[in-house]
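Peer 1: Each chain, letter by letter, is given below.
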Amino acid sequence: MPQIAQLAETWSSQVFWLLIFFGITFFVIGRGMVPKVMNTVAERDSQIAGDLAAAKAARDAADAQEEAWRVKENENRAAAQAIVAKAKDEAAAKSEAKLKAAQTRLDKKLADAELRIAEARTAALTEVESVAVEAAQDIVATLAGVKVTKPTAAKAVKEAMTHG
Amino acid sequence: MVAEPAKVDPMKQFAIEPIAGTQGWELAGFNIAFTNSAMWMLVTTVVLFLFVLGGMKRELVPGRWQMMVETFTGFIDNMLEANIGKEGRKYVPYVFSLFMFILIANLLGLLPLGLVGIHPFTFTSHFTVTGVLAIISFSIVLLVGFWKHGLHFFSLFVPHGTPIAMVPVIAPIEFISFMVRPFSLALRLFVAMMAGHVLLKVLSSFVIDGTNAGLGFGALVGLPSFILMIGISALEILVAGIQAYVFALLTSLYINDAEHLH
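Chains as they are written, first to last, in our numbering: chain A, 1 to 164; chain B, 1 to 262.
A hint or two may mislead.
[Stated by the list, open to error] Calculated cross-link-like contacts (lysine to aspartate or glutamate; reagent style EDC-like; alpha-carbon spacing at most 16 angstroms):
1. Lys86/B <-> Asp257/B
2. Lys36/A <-> Glu59/B
3. Lys147/A <-> Glu159/A
4. Lys72/A <-> Asp89/A
5. Lys57/B <-> Asp138/A
6. Lys36/A <-> Glu70/B
7. Lys158/A <-> Glu119/A
For the record, the hints were derived by calculation from the structure and aren't laboratory data.
Please read these numbers as outputs of a predicted model, since none were measured by experiment.
Whenever a hint applies, use it, and build me the whole structure from the sequences.
Peer 2: Below, the structure written as structure tokens:
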């Protein structure tokens, strides 16, 4: 087993060269290069984290804007509906008032007409009565040769008219 | 004509040979010959450097290579964060170096480069090497532990809720299990790597000797051994990764003890 057989003559050279080369490995590669490699990894990680954070912030901003837009849209819609409702109410009120005025006018016209009809009837009746009185005087004078005074004739006519 | 018996020595792959004329290099009286082992440490370092360099493009959208490097650093980072917590991040350079150094060494040792005349040497199959790595890890645990908690670090040996009467019994056991850690850390890796490589070599000697002994032996011994080798090679790749992972994971668990006690 050379490890033991050659130990006495080779151990110092083994230890020496191992310390030299492992020392180079440690100081040049381990201390010098590895931290740079790890920094690169750390930088990349932080860049990715930063990018992700920026993307998230952008998404949040977009969400907020959409939310704001939605609120505004809803307000606008409500305002529009309010305007429409108001206009509708106004139009309804106006037409109602117009209808009422028209109705009043019609009612008045109707009432006037009825009044006129009643007057006309009364006048007609009065005329019929006076005509009947005169006729009754004439008939009595002609037939019986009796002169009847007007009030008497009027009284008789009124009696006959009320009894039919 | 008798076929010459093949000489497959399963242990030769672990032999250390100085490379061209460096045999006599010395530093303060210690031999520091540049051996094949040192050569493969150099190769491992270069391969790891090139691998991580490919991941340094620092692009926002990573390519495949950068993705791969970042997967490894992220893997170590997650492991430390899961085992130690936020304080674990400062150990990423060390644990990453440890994990990748062992992983690449293990994998390079498995490459079939012998086919082109280069003999891979798995230096993680030497307990001298794994021992040094384990001692470094263990030293970090001790330093961090005493730095953060001072002498309070010794309360590590008395788990929460231990009855007072049991402390004299529990504490030595905990102490021993603590002191065994660097050995278990070093031996686990060394044994796993060595065992796998010896097994592959032994099987390959079955293939060679069996086939040389004739068609019958070749079909009876060589072929099944060869098929088994393919499976075990795949298993060894898995073991290479698992052992590197276990070494790094245990190191992070021990550092967690030092950071948080119990």
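Peer 1: CA of Lys36/A to CA of Glu59/B, is that 16 angstroms or under?
Peer 2: Measuring from Cα to Cα gives roughly 12 angstroms; hence the hint holds.
Peer 1: Is the straight-line distance between the alpha-carbon of Lys147/A and that of Glu159/A 16 angstroms or less?
Peer 2: violated, 19 angstroms
Peer 1: Does the structure keep Lys86/B and Asp257/B at a Cα separation of 16 angstroms or less?
Peer 2: holds, 14 angstroms
Peer 1: Below or equal to 16 angstroms on CA atoms is what counts here, so check Lys158/A against Glu119/A.
Peer 2: Between Lys158/A and Glu119/A the Cα gap is close to 19 angstroms, so the pair fails against 16 angstroms, i.e. violated.
Peer 1: Decide if the proposed pair is consistent with the structure: Lys57/B and Asp138/A, CA atoms, cutoff 16 angstroms inclusive.
Peer 2: Distance ~148 angstroms between Lys57/B and Asp138/A Cα, so the pair is violated.
Peer 1: If you draw a straight line from the CA of Lys36/A to the CA of Glu70/B, is it 16 angstroms or shorter?
Peer 2: holds, 10 angstroms
Peer 1: Holds or violated: Lys72/A with Asp89/A, Cα cutoff 16 angstroms?
Peer 2: Measuring from Cα to Cα gives roughly 25 angstroms; hence the hint is violated.
Violated hints, in rising order: 3, 4, 5, 7; the structure is consistent with all others.
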